[in-house]
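Given the structure of chain A, go ahead and fit chain B onto it with the hints provided.
Chain by chain, the residues:
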Amino acid sequence: MNAPHHSRRDFLKTASAATLGALAAGFPRQLRADDTTEKIQPRADTLIVLWMAGGMAQTETFDPKRHTPFEKGMKSADMVSTFPSVSTAVDGMSFSEGLERIGQVMDRGTLIRSYTAGDLGFILHSRHQFHWHTGYAPPQTVACPHLGSVIARTLGPLNPAVPAFINIGQRFDVNEGEELKAFTTAGFLGSEYGPFNIPFPEQAANTVRPPGGMTPGRFENRDKFYRKLLAASPVGQHGSDYQKDSLLRSLDNAHRLLSSPAAKAFDLELEPLANIQKYVPGYKPGTRYDAPQDRFGARYEEQMIGRFGLGCLLARRLAEVGARYIEVSTEYIPFLNWDTHENGHTRATSMKQTIDAPIAQLVLDLEERGLLRRTLVVLASEFSRDSLVEGRPDKLVKDQVTVPDTIEDLKNYGMHRHFTDAGCVLLFGGGIKRGHLHGVTADERPCRTLQDRVVIEDLHATLYTALGISPKLSYEIEQRPFYVTRDGLGKPIGSLFA
Amino acid sequence: MKFRPLMVSVLALLAVGGFAPAKLTPEQVKSLPPPAARRVDFAKDIKPIFEASCVKCHARGKAKGGFNLTSRATMLQPSDSGPAVVSGKSAESHLIELVSGLNPDDVMPQKGSRLTAGQVGLLRAWIDQGARWPAAISFVKPPPANLTPRRPDLPPAKRDVTHAVDRLLARYFKEHKITSPVLVDDRLFARRASLDLIGLLPSPAELEEFLQDRRPDKREALVAKLLADDRHYAEHWLTFWNDLLRNDYRGTGYIDEGRKPISRWLYSALATNMPFDCFVAELINPSTTNAEGFVKGIVWRGAINASQTPPMQAAQNISQVFLGVNVKCASCHDSFINDWTLADAYGLAAVYATNELELFRCDKPTGETAAARFLYPEVGAIDPAAPRAERMKQLARVMTSPKNGRLPRTIVNRLWARLLGRGLVEPLDDMERPAWHSDLLDWLAEDFVAHGHDLRHTLRLIATSRAYQLPAVNLGELAPTNFVFRGPAVRRLSAEQFRDALGTLTGVWFSKAQLPVATNEIRSSLVAADPLAVALGRPNREQVTTSRPSVATTLQALELTNGDTLSRLLARGAEKLLGPNPPPGAALVDRVFGQALGRPPTSGEQQLALALLGQPLQKEGVEDLLWAVTMLPEFQLIR
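Top line first, the protein sequences correspond to chains A and B. Sequential numbering of the first sequence, starting at 1, is according to our numbering. Sequential numbering of the second sequence, starting at 1, is according to our numbering.
Hints were generated in silico from the structure; no laboratory data involved. A hint or two may mislead.
What the hints assert, rightly or not - Using 25 Å as the maximum straight-line C-alpha spacing, the simulated SDA-like pairs for lysine to any residue come out as follows:
#1 B/Lys512 <-> A/Val174
#2 A/Lys228 <-> B/Arg599
#3 A/Lys228 <-> B/Gln636
#4 A/Lys433 <-> A/Phe497
For reference, chain B alone in the conformation it holds in the complex:
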């Protein structure tokens, strides 16, 4: 797909296309704003104009139309349409003609507001006075953000602030005048941690045991116990990775063998807690056929746009998932929204190309051949002349090299977002943006590397921090630009968490897993999506999904209110709860509340529920009780 900027005039594009401009007529010169009648200072007068209106396209690594405003020397080099600035002669400088808007079809800047007559006057005077530009000032491309590994020092521990995350956050909270509120109670913590780490509600027995535990470090112990549960951990995080890696049991492409599942490999990698660097290397450069689905991509039958070939899909997905970089635009043309160019995207795609890879701009051949390289050559090189297998090996090595500080930052940011509701960097796929706490991001990333790229280590670290145990805060989907971290966001159960919670509550699971698992409790991550899962937001995994929308929609609510999938499940659940010898009504109500909400019903709730159930207990009443309790925000939200 080709994305054009909102306001590109064809004429404006032609204008930079390489025709030397005609000299201005005397009338035209007269119509230019007059030069300012004073001494002009570059730093004070000119630099702000360049920064506001020019450097986005003509400096910091870009030189649209061949005009490069990085320094005085580059400015004086001829652009595609000849010299832009003739020192001492503003009326003969093409730059002045363009910014004055003499030709309404050919005005600079192309986007944003035009220069005022006063600004043009300053530029004219500056050029007329010799275009002085101190050598110390230049608009060079800044180094990529969040790339170089950095391990900030931990601030000292104080009283109850001993955890690394909290020590890093202490000053932040002080600066934002956030006084540490009390942490959430044990019930809430157990529910939150269990749903976040293994995707399941704690059973009443587990919860009771936790509540009775008197050890001061029982929360740490609970987190450790949850993370040690290999099977449940794998079944929960399978969903996260399936979304990221576009993996599913069903989907487009399978009919033509244009796609390969990696489910078995993934399940095993998660269950055995494969170190993340090995995990990434295996996905990028699969040593077995079990993991090759990710870089194979999704191949539809027929002719494919050049920006959607399998090597290009691999480039897009590797960049997005592991580096938080969007090269989707750049796989068709130089990006309008970031600094990535067509050559960058093709450089990464060329790693996977089976033949010589020609650059196509907007699906038209350019005649140029792509040379394999990494998006950040400063991290490491790939030999473009090497065979494909060797290039893939080199890419895996560069990606997981200790010099690539982006890889650990991207994944710890995703883990943080998963547990706290919002990333340290947002959007999660735009890791060139600053974190709201860069020391915390950088420290977590380095700590993750130092602990052998252990995902569970970082999850444990985050989940045992005071920050994670703060009361949940209300955060809309559109987080404000001036975001301040005050605690985890209220989140909605994912489709899988919701279905699995019903499994725990009713004992009704799926009947057959798509993977060999040694359990009868078949969770939703182990089966293809059903209508309920789709309605609740399980994506079809055509594209990489790094965050699911959590807003509740009418179609979802319809599926919950009268959909077959849920109503059949509740009917079976009611039968199971009643069993051959139905329990007394009060016991059943206690059980449903205890299991679903992690607490006993209040006497008011107990009365309401018993009135609904009637005597003797009927299956329909139990179904309706289950429905109503599971529709409660208290059930559906993670607080």
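So that you can see chain A by itself, here it is in the shape it has in the complex:
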């Protein structure tokens, strides 16, 4: 159990609130877990998802193929990988140039190259992201819960003073923000299990500090005043009722969370500068990474690197104090970040620079602290990319990018179409095999999956199984069972476990 700040009193208080929430998460929608499913011994207590938002091209990252360097007049159809390959710590496993540091920690993890995204027709990123995060494709007749909410609801918080589901690095006032909101939710499980959103990790401390400008002294004073007022109230002070108890308990929980020692984990300024710089090279204290993202902004790369790096560092700090589910996103903004509709080569360079150091450092730090054994770290993306195929080679969907037959300009060099037939997933720790490779893809484009195909139901089943949750678990909603993997059919990939 890695919850060092876990006290019995805390647990009792929050457990009662959680139970209340569970009982009540939607009258008249009586929520009940089906507890007849198999008991699974958990291998991990915490899940960290590193979300490569926007569709990470597999041949430019963790599944490099033949290098086809840029030449004016080259054929788009001949373009396979736009980077040379580099070796990793694992024999026979190469990565694309720019991912050397992650390559050096691959002896601690597993690489899946055969992840196959759903066939959802004309592609919308947020719809595939909904599918990845809930296991269901929208629209749906019930509000589907996010993976993190299912875990929060099923396992509860690891440390009651830390929100069970923490979501880092995604803001929602972007295009497609409404679609992102539709799955970044506990859905019918009830908002007790919803995400604690931290769009800007350098400001994480604010989310657990008194509101803007309020000193700790004033915050405590306000709370004391409130309690006195409550005690002095002539109305409803005798006896208790459900609504009042629920309200007071929630305020107690919030206050306790804000004043808990674990709240320090949110404050990145408490991390030694040298450590921060391992995640964000050249980091200067007090730097903010919340500039409105503009495709042509001069500081764009610095912002990306700083934001994702600090996100990974925050994930480590939160894992240390007992967060249950943490997601760190490179952030989805249409046509930005991994969503490379043009300049794919150049953009892949900067995205790799964004993720390489912090992800490797996160794995090393967790290992050094003895946490990697019980923490499962997963890197994934909603689908991958190809230079020509939109969708799957045998099931093409409507194109969204014009790709010239011959490439004259560097902006056309790269993987600009959405490819669903093969993609990469990394897994570290949490009882997963070390130095392992799963799945085989074609050497020539379209680099489709040839062997050991992995679909979302089975990937989820693997993650749930690692956490001790049955893939057949269901919750009752409107008198129907809702399964945590679609129809309860997800099968864990047994060969991935050590």
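Chain B alone, transformed into the frame defined by chain A:
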């Protein structure tokens, strides 16, 4: 989404799939429980077994595996796997083989406990004795509940029991030994009625005027005055309808024009108190493009599951919202939880289909074509051959026909639940369940129709009853199955009521409405959801929401305790309250209590508040006072 029952074995499904069973071997026959050695009586011995274990799937309109146990005649017809019962020969009756559990992979009943050897023995003896079954007994499908209009007689008025609702409830209270407690006082009544009918706290001046009013019918007058306030009524009920009709200023689908707002139409329909039958007809069969968003649904880019096409969404939402019927399961396969079949759901969806609509079972084509029809054909017909526009017109006509007693019952039940905290029928979306007081439900529904489908009339009726004026009772979210009505439930302010109450308290409203409204007091129903509204339970309206959870969660409390939205609002509110010439501390405390809680502070509260504020008054102190008062259960709950 496909929902499978908790315990379906694939083998069990195969077993009913149409293979004639092999004859039992002599050894197998020997292993069957022996027939009872006495005369068996159908009514006494057999009917209870059928009722407990068989009729759920094989009678009352269902015949799984082709086996129909409605009557003796239907029982003797061959099922998909051949004859189930051979009269006089129990050992040759497939039914006996199945209920005996000879083949562990093929046992009836599939769900629930198996039959005992004694029960099998009774069935065997009954078959051996000729399977006698009195013609008077049968398991026919009962007529749909809460469908036929019915106007019960009003019990006579007595002394203070003169209001129709109370006359209907009088016997109920007597039977449940509930002696009529005193009604809530004027302050509480004014707060409750104002929040319930227009979503706003009464201002201290309005409250004072009401308290001073000496007319005996002043509560009726207050209710009438609130309901006559078209703008505030519309702005409050907009939230209720937006939840039901999945309407919002922002949301999924808009990026691809896969969705259309109906806000302007809705606001105007509410402000002008459009009769509900016209309202429903307009939503089902829009005469202008302003109202078409509801049946258009939400269309995401890409390939859609057959159970989520726009016509199917329309079928699901129309059924749920206006009829209290769930066809979500049945839009993928015959429902496991109610009697609705795939054909029923597709029949309603076919009204909206632009082309011929093929039935898909669990997203696989069946080759069958759906014929447009209403869920309750007894109410009225839709011509499947008619063009789409005509079918929609017919659906609107059938839905609002006087023969459809479900429509008014469903809406009056929702209104009752909104004001009293719990419906006469629960869940609100399962109107086939019995009401805890069917006379009251039926009478309210017919009265609503008789008054021209006037929503405000029914609201007035409920809000002026003694039942509504009873002290609030503590009711958890999980109401007990043996619910007894004792008064309105304690409820929590909705996200919108909470924000609007802060508006009244501080004078800080939103700056820009999404609709053209002639006011500067922009309420939360007129703007897109902010983080505070989301935390307090404003749904994202991807799905129809008919009741919001009212439990307070930790994430909500965090938003209230340190969220930016509220703290900025309180800061601006404090500035406004202080103004250029700050009032004396005591006056400010009086004002905050009076406005927020509808009462002056006690001397103890006054002292505490003044100590917090200090001298001279500081903005921070006022912010903290506002925060603490608005976190009080007395503020956040409707009692």
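Going through the hints against the structure:
1. Annotation: proposed proximity of B/Lys512 to A/Val174 holds, straight-line Cα distance about 20 Å (limit 25 Å).
2. A distance of roughly 18 Å separates the Cα atoms of A/Lys228 and B/Arg599; the hinted pair therefore holds under the 25 Å criterion.
3. A hinted pair counts as satisfied when its Cα atoms are at most 25 Å apart, and A/Lys228 with B/Gln636 qualifies at roughly 17 Å.
4. Annotation: proposed proximity of A/Lys433 to A/Phe497 holds, straight-line Cα distance about 5 Å (limit 25 Å).
Of the numbered hints given earlier, the model fails none.
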